[in-house]
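Generate coordinates for the entire structure from the input sequences, incorporating the hints supplied.
Letter by letter, the chains look like this.
4 protein chains.
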Amino acid sequence: MSSKKTPITRLCRSDVDKITVRGHDLATELMGVRTFTETFALLVMGRLPTPQQTRLVDAVLIALMEHGLTPQAIATRMIALCEPEAIQAAIAAGLLGVGSRFGGAMAATAVLLTEVVQAGEKGQEAAKDIVARARAQKKPLPGFGHPQHKPDDPRAVRLFQIAREDGLAGAYVSAIHVLSAEVDASFGKHLTINTTGAIAAVLGDLGIPDDIMRGFAVVSRSAGLVGHLCEEKEQQVAAYLYGMAESEIQYIE
Amino acid sequence: MSSKKTPITRLCRSDVDKITVRGHDLATELMGVRTFTETFALLVMGRLPTPQQTRLVDAVLIALMEHGLTPQAIATRMIALCEPEAIQAAIAAGLLGVGSRFGGAMAATAVLLTEVVQAGEKGQEAAKDIVARARAQKKPLPGFGHPQHKPDDPRAVRLFQIAREDGLAGAYVSAIHVLSAEVDASFGKHLTINTTGAIAAVLGDLGIPDDIMRGFAVVSRSAGLVGHLCEEKEQQVAAYLYGMAESEIQYIE
Amino acid sequence: MSSKKTPITRLCRSDVDKITVRGHDLATELMGVRTFTETFALLVMGRLPTPQQTRLVDAVLIALMEHGLTPQAIATRMIALCEPEAIQAAIAAGLLGVGSRFGGAMAATAVLLTEVVQAGEKGQEAAKDIVARARAQKKPLPGFGHPQHKPDDPRAVRLFQIAREDGLAGAYVSAIHVLSAEVDASFGKHLTINTTGAIAAVLGDLGIPDDIMRGFAVVSRSAGLVGHLCEEKEQQVAAYLYGMAESEIQYIE
Amino acid sequence: MSSKKTPITRLCRSDVDKITVRGHDLATELMGVRTFTETFALLVMGRLPTPQQTRLVDAVLIALMEHGLTPQAIATRMIALCEPEAIQAAIAAGLLGVGSRFGGAMAATAVLLTEVVQAGEKGQEAAKDIVARARAQKKPLPGFGHPQHKPDDPRAVRLFQIAREDGLAGAYVSAIHVLSAEVDASFGKHLTINTTGAIAAVLGDLGIPDDIMRGFAVVSRSAGLVGHLCEEKEQQVAAYLYGMAESEIQYIE
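Residue numbers (numbering that gives the first Met the number 0), protein chains in the order written: chain A, 0 to 252; chain B, 0 to 252; chain C, 0 to 252; chain D, 0 to 252.
Everything labelled a hint here was simulated from the structure, so no lab data went into it.
Treat the hints with care, as some may be off.
In this list, chains with the same sequence are indistinguishable; a pair is considered to hold if it fits within one copy or across any two.
Claimed, not checked - Listed below are the simulated DSS-like cross-link pairs for lysine-lysine, each with C-alpha atoms no more than 27 Å apart in a straight line:
id, residue 1, residue 2
1, K121, K137
2, K4, K232
3, K149, K17
4, K138, K127
5, K188, K17
6, K188, K232
7, K232, K137
8, K121, K17
9, K188, K127
10, K138, K232
11, K188, K4
12, K121, K149
13, K127, K137
14, K4, K149
15, K137, K17
16, K4, K138
17, K188, K121
18, K127, K17
And the structure:
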């Protein structure tokens, strides 16, 4: 596990009067000039994004920011009830829920899309094979299905629209539609392409590595959870649900 | 601790074909139209920010995003070494370090600035009193001092400049300069107004509650930590430092 | 913040065929011979505890292990709903709530008890002063008061009893009773010495540093949260409360 | 995801003067009478363990408690450097590393052992198949191999010995040895049965569900991390490694 060679870093250098982030002067070239999203993309992609790429990354980050009283939001509010001052802990608690079930499935979807993309002309066969494997293992297909948003998820529809408008829909966006057609054919009905599925596709076309995609969900959701902490100061959801638990859930030996 | 009255939420409503975030249609009015920062401000402030406010919030978020191989970044890289797939856990681990010492001091600073602001015409006396109290308790003054950036922190300078350019510098920005003058007078030398100090001032003038300010640092740093995870895939800092620990730090009974 | 001198470690050394923990062979002298609690105390205190000390530490760890559907337990169950496989994340989320309000107040209590202990013969005056300060600042006194367990907390009573039986009640246990008398005199009624208060006292007499005491609560609660995860597999509290939140808490613009 | 039926809890009931944990009076029947490990096992298994079971669970918890300056311990120390007071956050950060690579592999191992156990008389064939699958996918076999402890891990050897001495070695302990033989045959050399592998086997024979086993590692490691926080107060490993990172790792554009 140890590494002999001294690593380097390309992220940041601090001098007494200047901070450099990926080759840009932080105070003069980024602050006041660039947006959060452009600077985030600079860190992740290694270069400033185009305006079109920025619009798409913004849309991805907005899509996952807020989805109501999710289990993650409830966890954040519960920890804030325990420790109201250390809000970083409350946010971190909620972020731990950005996993395979709520908002973190883009990584697993991207692996499948890569399989379709790499199959090239045989993409449809690859898609068929993916669906068959999932059904044989009786596992859900990441990126497909939503308990509420049917037949389509408005966020997914919008992401594809933005990607196409801005000329950023490529092999991954094609791949998810190929896969979607095979999913529908196999199940005999239309399954929603959900938001995490659409995000996997558009981030794939932006060249974001599969195993980094979930980071976009974390950034996005961290912003949403700050919103929940603001609201919790006036609307005490944690205390309400805690009271519910105490009054409704009985102890039985 | 329990609450009888049923709380409400003003954050988000999901319908089958539409998601509404604080009164705005998420897919059509926010995605593709607004930036991450505008949407984050909408959640926290309850209304869309002006372009000037957006620029200032962007600058705040960019200021704290990346500061090199901080203990937080090292913690994130260490947890990624243990669990490379669940990057939300690695990011959460690092965010737990957004505390009083590295990037989270804006909350404590804001409390002091509020004291100066509320003293109105007697602000200078309040500032004198704050400095005297801190010195009597031999405690550092949050918002002041930096081990490296002297005499001034370029990020703080830039934040004040942006706030002034955009007409957003108000009572809190004045207050930190009043406090700074008293700090310098008391110590007989100039202490840096650091980035978290400047952020406390400009966010205070935007009306952000003291105990929510640290949330801006968390959002900002979460983006920076994704950058570290990207880099860690090629530059194995965690393995290097772990190897250092194993080879350099001896066990003694 | 950086340190020039190379640190050492006294905790553990791994050789190919032997692991040494604080001077003891892990496989032959600890495993199968010592208990969890003895080994934990060895790490924290630097030597194996006496049987009496072990019994007291066991009682401390048992006292805080389980207290029903606390906000911490709810947070853990919520994150398990999001990410059922990575149970370390669910447990960590709950542990983040071991703060000043639910189970982590022993650190703040211990600081007060140290003040009384160090005052020696003037302990009563120090206690009077502590109570006066807290009342002037309208702050609750850590270690005192409980919403449910009145007039006494059975866990606190039991901890004092065990400490006395085993000859381990010293200056800190005396101090909390001196402080309790002043609290009662000032408030004109008896306030419960709560479990965290009692723990601060008995751990203080064991020589545990103030700022490490909360670690006992974390170890204890981690065991309790594993119990909640076991139960959650059959009794889906998280899904129930999440459903409650969705059905009861309305969105209002 | 929502659940209509009101769940129940069997863990804890609090009355004004009495707390009941799984049918036992916490203050009188558990505190001062039982050990931490017995009470933990009570929560997880639903009944008090036998003395033999207790000894084995103690050995499991001790086996993983401390293994030196692991990435988890470094993460904990780094977060303590950022936020020295909220040690629950520092511990939680380290625990997030109890994943598939460092100390959390028992869950994945247990799934394989269950496959061998359920194959009954055809256990050897099942084991052969497991090894063949892992090799075809070029994946490591969880529970086998250790970078340092060769040919055998002294903790694993000891766990098997204790389980046998106490009559607790059953189908799972047999299964891991069947699997080990197939591993060695396939690789043409002996691979270490590592500690997490041995733990999966002995906990399997105790009837602990696969997906709860990692909880034992979390409890165990939480105790070890408290030891690291104690030591960090005197031996500043975090500051040392942070200084190393700053001085050794260069920024390159």
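Now the hints, each set against the structure:
no. : hint        : result
1   : K121 - K137 : both (24 Å within a copy, 25 Å between copies)
2   : K4 - K232   : between (49 Å within a copy, 14 Å between copies)
3   : K149 - K17  : between (51 Å within a copy, 10 Å between copies)
4   : K138 - K127 : both (15 Å within a copy, 25 Å between copies)
5   : K188 - K17  : between (58 Å within a copy, 22 Å between copies)
6   : K188 - K232 : neither (44 Å within a copy, 32 Å between copies)
7   : K232 - K137 : between (43 Å within a copy, 20 Å between copies)
8   : K121 - K17  : neither (52 Å within a copy, 36 Å between copies)
9   : K188 - K127 : within (15 Å within a copy, 40 Å between copies)
10  : K138 - K232 : between (40 Å within a copy, 19 Å between copies)
11  : K188 - K4   : neither (54 Å within a copy, 30 Å between copies)
12  : K121 - K149 : neither (30 Å within a copy, 47 Å between copies)
13  : K127 - K137 : both (15 Å within a copy, 25 Å between copies)
14  : K4 - K149   : between (52 Å within a copy, 26 Å between copies)
15  : K137 - K17  : neither (56 Å within a copy, 30 Å between copies)
16  : K4 - K138   : between (42 Å within a copy, 26 Å between copies)
17  : K188 - K121 : within (24 Å within a copy, 41 Å between copies)
18  : K127 - K17  : neither (54 Å within a copy, 31 Å between copies)
The structure does not agree with the numbered hints 6, 8, 11, 12, 15 and 18 stated previously, though it agrees with the rest.
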